[in-house]
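Number of protein chains: 2
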Amino acid sequence: MNVFLQTVNSITGSDYAAGVKAQERLDSLTKPPASLGVLEKIAVQLACIQGQSLPVLGPKVVMVMAGDHGVVAEGVSAYPKEVTPQMVLNFLNQGAAINVLSRHAGAKVVITDVGVAAEMEAHPDLNLRKVRAGTRNMALEAAMTEEETMAALEIGMEMAHREIDRGAAILATGEMGIGNTTPSSAILACYSDNNLASIIGRGTGLNDGGLKIKQEAIQKALQVNQPDAQNPLDVLQKVGGLEIAALTGVILASAARKTPVVIDGFISTAAALLAWKIHEKCRDYILASHLSQEPGHKVMLDLMGLQPMLRLDLRLGEGTGGVLAFSLIEAAVKIIHEMATFAEAGVTNKE
Amino acid sequence: MNVFLQTVNSITGSDYAAGVKAQERLDSLTKPPASLGVLEKIAVQLACIQGQSLPVLGPKVVMVMAGDHGVVAEGVSAYPKEVTPQMVLNFLNQGAAINVLSRHAGAKVVITDVGVAAEMEAHPDLNLRKVRAGTRNMALEAAMTEEETMAALEIGMEMAHREIDRGAAILATGEMGIGNTTPSSAILACYSDNNLASIIGRGTGLNDGGLKIKQEAIQKALQVNQPDAQNPLDVLQKVGGLEIAALTGVILASAARKTPVVIDGFISTAAALLAWKIHEKCRDYILASHLSQEPGHKVMLDLMGLQPMLRLDLRLGEGTGGVLAFSLIEAAVKIIHEMATFAEAGVTNKE
Chain A
1 MNVFLQTVNS ITGSDYAAGV KAQERLDSLT KPPASLGVLE KIAVQLACIQ GQSLPVLGPK
61 VVMVMAGDHG VVAEGVSAYP KEVTPQMVLN FLNQGAAINV LSRHAGAKVV ITDVGVAAEM
121 EAHPDLNLRK VRAGTRNMAL EAAMTEEETM AALEIGMEMA HREIDRGAAI LATGEMGIGN
181 TTPSSAILAC YSDNNLASII GRGTGLNDGG LKIKQEAIQK ALQVNQPDAQ NPLDVLQKVG
241 GLEIAALTGV ILASAARKTP VVIDGFISTA AALLAWKIHE KCRDYILASH LSQEPGHKVM
301 LDLMGLQPML RLDLRLGEGT GGVLAFSLIE AAVKIIHEMA TFAEAGVTNK E
Chain B
1 MNVFLQTVNS ITGSDYAAGV KAQERLDSLT KPPASLGVLE KIAVQLACIQ GQSLPVLGPK
61 VVMVMAGDHG VVAEGVSAYP KEVTPQMVLN FLNQGAAINV LSRHAGAKVV ITDVGVAAEM
121 EAHPDLNLRK VRAGTRNMAL EAAMTEEETM AALEIGMEMA HREIDRGAAI LATGEMGIGN
181 TTPSSAILAC YSDNNLASII GRGTGLNDGG LKIKQEAIQK ALQVNQPDAQ NPLDVLQKVG
241 GLEIAALTGV ILASAARKTP VVIDGFISTA AALLAWKIHE KCRDYILASH LSQEPGHKVM
301 LDLMGLQPML RLDLRLGEGT GGVLAFSLIE AAVKIIHEMA TFAEAGVTNK E
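Residue numbers (the numbering used here), protein chains in the order written: chain A, 1 to 351; chain B, 1 to 351.
In isolation and in its complexed conformation, chain A is listed as follows (with noise of 0.2 Å):
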């Protein structure tokens, strides 16, 4: 609790004057006004968070949670929890695509498991730092105790803290988690208006069949442990899961280290969301990815005002969105410190 308290309330707003300043010189190099359009942003949104008007590059990780979910026993996956750990040895053995993708941007890739339904055996690669087996059945009970919920955080956390202090300079969000849309559906369905169906998505690729089991396994968990929205701890701990948990702990803690953390795609998303419900300021310290195919992930993105930059219809996590976008954070930075102003390159500006 310590570390949560601790965390929370560290979170301060980013610097507004920097990125004034940051989009100041923008406006004077030699291009027309915001004709770069996101990636001015992105250069503004890190001038903020680092505090200065030339935000600086440095090492990327990205934190890949892993955990499992009771309510896969409804039948709201197209694949068994075997998977789950499965792909965390792929991971280890450098196999899967969030390793293709990292390695392609330079990042290095954190793996923990905060909740695999299977015994890990021990890896260098891996932080062995399981709350529980998986949750429970959320359409039958609470996903998650209290103290479940606050220990998968404060990992989460943790964990973000060791690498910000190892000299991260920036984070991506990543997981593993067979059936993890499915509370993040729920998470999800406690904030929007939108009609329960219009949120709920085939994950890996469910049949209409599975798609209907999916929707009433989310009815179900909202009926019996009805969530309450006002309170973001009491709806992750009901409907989230542990690698929900510890993303939400990753934003809350890079927030509090003024680093900027780069969502991957709707779980990521669904802890995201969380995390801006317990502190909102953590908002300034997000970047969106990208967009995927499952349909409430627009909606999510919407209610937090963030904009994607990659419309590359992943459906896969891990955090594989969160790193290609990497380099076109990093094509950001290298846009204000590099480019030529007007003045220097004796270029004419607009009347």
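Everything labelled a hint here was simulated from the structure, so no lab data went into it.
Just so you know, even glycine gets a beta-carbon here, dropped at the ideal spot from N, CA and C.
Check before you lean on any hint, since a few could be wrong.
[What the hints assert, rightly or not] Simulated DEER-style distance windows between Cβ atoms:
id: 1; chain 1: B; residue 1: Lys350; chain 2: A; residue 2: Gln307; range: 29 to 39 Å
id: 2; chain 1: B; residue 1: Pro33; chain 2: A; residue 2: His123; range: 26 to 36 Å
id: 3; chain 1: B; residue 1: Asn9; chain 2: A; residue 2: Leu196; range: 51 to 61 Å
id: 4; chain 1: A; residue 1: Leu57; chain 2: B; residue 2: Ala118; range: 49 to 59 Å
id: 5; chain 1: B; residue 1: Arg103; chain 2: A; residue 2: Gly51; range: 21 to 31 Å
[As the list claims (entries may be wrong)] Dumping the calculated PhoX-like pairs for lysine-lysine here, alpha-carbon to alpha-carbon at most 25 Å:
id: 6; chain 1: B; residue 1: Lys298; chain 2: B; residue 2: Lys212
id: 7; chain 1: B; residue 1: Lys350; chain 2: B; residue 2: Lys108
id: 8; chain 1: B; residue 1: Lys258; chain 2: B; residue 2: Lys21
id: 9; chain 1: B; residue 1: Lys212; chain 2: A; residue 2: Lys350
id: 10; chain 1: B; residue 1: Lys281; chain 2: B; residue 2: Lys21
id: 11; chain 1: A; residue 1: Lys220; chain 2: A; residue 2: Lys41
id: 12; chain 1: A; residue 1: Lys41; chain 2: B; residue 2: Lys298
id: 13; chain 1: A; residue 1: Lys281; chain 2: A; residue 2: Lys21
id: 14; chain 1: B; residue 1: Lys41; chain 2: B; residue 2: Lys258
id: 15; chain 1: B; residue 1: Lys220; chain 2: B; residue 2: Lys281
id: 16; chain 1: B; residue 1: Lys298; chain 2: A; residue 2: Lys298
id: 17; chain 1: B; residue 1: Lys41; chain 2: A; residue 2: Lys298
id: 18; chain 1: A; residue 1: Lys350; chain 2: A; residue 2: Lys41
id: 19; chain 1: A; residue 1: Lys108; chain 2: B; residue 2: Lys334
id: 20; chain 1: A; residue 1: Lys298; chain 2: A; residue 2: Lys212
id: 21; chain 1: B; residue 1: Lys108; chain 2: A; residue 2: Lys334
id: 22; chain 1: B; residue 1: Lys334; chain 2: B; residue 2: Lys298
id: 23; chain 1: B; residue 1: Lys258; chain 2: B; residue 2: Lys334
id: 24; chain 1: A; residue 1: Lys350; chain 2: A; residue 2: Lys334
id: 25; chain 1: B; residue 1: Lys41; chain 2: B; residue 2: Lys281
id: 26; chain 1: A; residue 1: Lys212; chain 2: B; residue 2: Lys350
Fit chain B to the supplied structure of chain A, relying on the hints for placement.
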């Protein structure tokens, strides 16, 4: 005329069978089918283009064509036409956005003066291939003669052939030309049933008055010249531009050489639209990088069935969106090469 006919006549469709094999491999990798969305489509497209199920990477080049527009005399741009040669100098001095982003992407920038309305000094990095010092004012007469149009097309083809001969494995298109959203909108108007006003945008930042002038200039150009939409060369000649013609040549030559070509924003896509009308099979070789702020851009992309990867609200041109997409295309190739299969990783596949 020789280069033009030889190039166009040698265009054939890409190798669909290689793409089927690439998709089979993608489906064997440790991820739900199609969950990497557009990245998978890119890998398949490159497999079709290269005629091998495992596409390979290679040197990247952005072809920046510069030219001026007589129609600027009508007042269609927020910037004076002196900015075209000034920006070409900025490119040569490495100070522009395209230089910064190409360094970031590891891409070479090839700059060609195909029609700048100023004498450009010789420079080792500048290809001096000026056809004419800017087009004529298309609001009063045809922008180019047939000979000028063919010359500019062939220069684009020759430059693309040269870079591919030197080892380029992928090209992107870029341009510099004050006023060139005006001919691009006029080209689109020949192929779209949309209301003219809805496909004309603010370019580099026109105010409402400027936008009205631009609309009137385009309307006049269409009335005076009566371009024949059935004949894309007629459209190009009457309401196009020298750098647009050169880019059309680059795209056609890329297709002829079975080399992927990444198109940038509105102007590049106008060139692609004409290339596609000249030979529809060149569509197989085109990748769309980003969706620009220009309202007509989506209309053009939809006409060709192209899906842009990035949503960055760019409206700069130069090839900036194209080179930003290089990293995503390389990521797609690495995915198909480096990810583990379900069998290799011992991961249970979907029932």
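Taking the hints in turn, this is what the structure says about them:
no. : hint                            : verdict
1   : B:Lys350 - A:Gln307: 29 to 39 Å : 33 Å, holds
2   : B:Pro33 - A:His123: 26 to 36 Å  : 28 Å, holds
3   : B:Asn9 - A:Leu196: 51 to 61 Å   : 57 Å, holds
4   : A:Leu57 - B:Ala118: 49 to 59 Å  : 37 Å, violated
5   : B:Arg103 - A:Gly51: 21 to 31 Å  : 27 Å, holds
6   : B:Lys298 - B:Lys212             : 21 Å, holds
7   : B:Lys350 - B:Lys108             : 43 Å, violated
8   : B:Lys258 - B:Lys21              : 18 Å, holds
9   : B:Lys212 - A:Lys350             : 18 Å, holds
10  : B:Lys281 - B:Lys21              : 21 Å, holds
11  : A:Lys220 - A:Lys41              : 41 Å, violated
12  : A:Lys41 - B:Lys298              : 22 Å, holds
13  : A:Lys281 - A:Lys21              : 21 Å, holds
14  : B:Lys41 - B:Lys258              : 17 Å, holds
15  : B:Lys220 - B:Lys281             : 33 Å, violated
16  : B:Lys298 - A:Lys298             : 20 Å, holds
17  : B:Lys41 - A:Lys298              : 22 Å, holds
18  : A:Lys350 - A:Lys41              : 21 Å, holds
19  : A:Lys108 - B:Lys334             : 17 Å, holds
20  : A:Lys298 - A:Lys212             : 21 Å, holds
21  : B:Lys108 - A:Lys334             : 17 Å, holds
22  : B:Lys334 - B:Lys298             : 29 Å, violated
23  : B:Lys258 - B:Lys334             : 20 Å, holds
24  : A:Lys350 - A:Lys334             : 24 Å, holds
25  : B:Lys41 - B:Lys281              : 17 Å, holds
26  : A:Lys212 - B:Lys350             : 18 Å, holds
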